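Participant: Starting from the structure of chain H, add chain X where the hints point.
Residue numbers (the numbering used here), protein chains in the order written: chain H, 470 to 646; chain X, 470 to 646.
Do not take every clue at face value.
Note that identical chains are pooled: a pair holds if it fits in a single copy or bridges any two copies.
[Claimed, not checked] 27 angstroms max Cα-Cα, derived DSSO-like pairs, lysine-lysine:
#, residue 1, residue 2
1, Lys631, Lys503
2, Lys631, Lys486
3, Lys639, Lys595
4, Lys505, Lys631
5, Lys595, Lys486
6, Lys497, Lys555
7, Lys505, Lys555
8, Lys639, Lys598
9, Lys631, Lys598
10, Lys505, Lys639
11, Lys631, Lys595
12, Lys486, Lys598
13, Lys555, Lys503
14, Lys497, Lys639
15, Lys486, Lys555
16, Lys486, Lys497
17, Lys503, Lys598
Source of the hints: derived by calculation from the structure; they are not laboratory data. Just so we're clear, the structure is a prediction, and the values are computed from it rather than from any experiment.
Number of protein chains: 2
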Amino acid sequence: MSSSLPIHDLTVFQMSKMLRNLDGWLGKAEDYAKEKGFEVDVLLQARLAPDMFPLARQVQAACDNAKFGAARLSGIEAPAHPDEEKTIAELRERIRSALAYLETVTPEGLAESGDREIQLPFVQGKACKGRDYLLEFVMPNFYFHITTAYAILRHNGVPLGKYDYIGGIKMYDVETG
Amino acid sequence: MSSSLPIHDLTVFQMSKMLRNLDGWLGKAEDYAKEKGFEVDVLLQARLAPDMFPLARQVQAACDNAKFGAARLSGIEAPAHPDEEKTIAELRERIRSALAYLETVTPEGLAESGDREIQLPFVQGKACKGRDYLLEFVMPNFYFHITTAYAILRHNGVPLGKYDYIGGIKMYDVETG
Numbered sequence: 470m471s472s473s474l475p476i477h478d479l480t481v482f483q484m485s486k487m488l489r490n491l492d493g494w495l496g497k498a499e500d501y502a503k504e505k506g507f508e509v510d511v512l513l514q515a516r517l518a519p520d521m522f523p524l525a526r527q528v529q530a531a532c533d534n535a536k537f538g539a540a541r542l543s544g545i546e547a548p549a550h551p552d553e554e555k556t557i558a559e560l561r562e563r564i565r566s567a568l569a570y571l572e573t574v575t576p577e578g579l580a581e582s583g584d585r586e587i588q589l590p591f592v593q594g595k596a597c598k599g600r601d602y603l604l605e606f607v608m609p610n611f612y613f614h615i616t617t618a619y620a621i622l623r624h625n626g627v628p629l630g631k632y633d634y635i636g637g638i639k640m641y642d643v644e645t646g
Numbered sequence: 470m471s472s473s474l475p476i477h478d479l480t481v482f483q484m485s486k487m488l489r490n491l492d493g494w495l496g497k498a499e500d501y502a503k504e505k506g507f508e509v510d511v512l513l514q515a516r517l518a519p520d521m522f523p524l525a526r527q528v529q530a531a532c533d534n535a536k537f538g539a540a541r542l543s544g545i546e547a548p549a550h551p552d553e554e555k556t557i558a559e560l561r562e563r564i565r566s567a568l569a570y571l572e573t574v575t576p577e578g579l580a581e582s583g584d585r586e587i588q589l590p591f592v593q594g595k596a597c598k599g600r601d602y603l604l605e606f607v608m609p610n611f612y613f614h615i616t617t618a619y620a621i622l623r624h625n626g627v628p629l630g631k632y633d634y635i636g637g638i639k640m641y642d643v644e645t646g
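Excised from the complex, chain H in its bound form (with noise of 0.2 angstroms):
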């Protein structure tokens, strides 16, 4: 399908990607944080303004859109997470367990999601097609809360750039005129 792009390439691949690549900035947000001497788990409270979630709820929510749009997609249950995070530390950890759920959901998994029907808990007596909900809700929802923690590390100093963000694309050599 060359005018088409599978839908567990739009979930499980490229969240995934994106969600390693939200593991990094912490990293480097611990690294910047020993550099400067302060406290690194300072950070979970840090907003870009007081009426938006700070850090640590913007990476489990980067977690959750990514887990339960492709639990919703697929139909594959899966792991609980309370929210609890006390530390990078441990935002780390549920990152990796988000990465770890999104594994076990294969694209034979996702071969019907576009049909699917979706129900949102906060939209009683609606639904929508697996295609509209990825579209229009899990997509811009998932970017959203990435975006927002990075903003959120750039904002408190961290030394990141477009490279952290976007990773290593698919690419090979050509000939140059």
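Facilitator: Chain X only, in chain H's frame:
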């Protein structure tokens, strides 16, 4: 195809929707500035960290990611934009211009886009397939700039919430027990 999403939906449909949302946030910023009695165009230089781009560049980059993404994937020429916007009103005009271009990119124009060879001006001697370009580069970058623009506005007090970010979703009524 129940296990994949059309590239036209991932680019033209969803990016147009997010750009319309962005236009709405800038409209709310204008209302907020009027209410608080400040000059709205000061927001163009607002940023989250001294080494991150300000709002103006975030909006330009969101438009460019959608525009160049669709142009490289379809081969349909895009209009040039010299990044000279000095006001919120001009940024909103820039968004409208990007939206007008996206309307010219049809599903047929993207029929072979997944297999297209894409060369990026900043990576000499390398290329990627259209599908990887969209998945690993265009979408994460687009949402990066959209979300950072949103976060800059929130950081400066503009009253926005998750519904403003996400916009409407295609849903239908269901029977609930």
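Participant: Next, verify each hint and record whether it holds.
Facilitator: Each hint tested on the structure:
1. Lys631 to Lys503: Within one copy only: 23 angstroms inside a chain, 35 angstroms across chains, cut-off 27 angstroms.
2. Lys631 to Lys486: both (15 angstroms within a copy, 25 angstroms between copies)
3. Lys639 to Lys595: between (39 angstroms within a copy, 10 angstroms between copies)
4. Lys505 to Lys631: within (22 angstroms within a copy, 34 angstroms between copies)
5. Lys595 to Lys486: Between copies only: 21 angstroms across chains, 32 angstroms inside a chain, cut-off 27 angstroms.
6. Lys497 to Lys555: Close inside one copy (18 angstroms), not across copies (36 angstroms); limit 27 angstroms.
7. Lys505 to Lys555: So Lys505 and Lys555 pass the 27 angstroms test inside one copy only (21 angstroms; across, 38 angstroms).
8. Lys639 to Lys598: between (30 angstroms within a copy, 8 angstroms between copies)
9. Lys631 to Lys598: Answer is between: at 21 angstroms across copies they meet the 27 angstroms cutoff, but 33 angstroms inside does not.
10. Lys505 to Lys639: neither (35 angstroms within a copy, 48 angstroms between copies)
11. Lys631 to Lys595: The answer is between: 18 angstroms across copies meets 27 angstroms, while 38 angstroms in one copy does not.
12. Lys486 to Lys598: This pair counts as both: shortest intra-copy Cα distance 25 angstroms, inter-copy 18 angstroms.
13. Lys555 to Lys503: Within one copy, since 18 angstroms is at most 27 angstroms while 41 angstroms is not.
14. Lys497 to Lys639: within (24 angstroms within a copy, 39 angstroms between copies)
15. Lys486 to Lys555: Within. Shortest intra-copy distance 24 angstroms satisfies the 27 angstroms Cα cut-off; inter-copy 37 angstroms does not.
16. Lys486 to Lys497: within (17 angstroms within a copy, 34 angstroms between copies)
17. Lys503 to Lys598: This pair counts as neither: shortest intra-copy Cα distance 47 angstroms, inter-copy 41 angstroms.
Consistency with the previously given hints fails for numbers 10, 17, ordered from lowest to highest.
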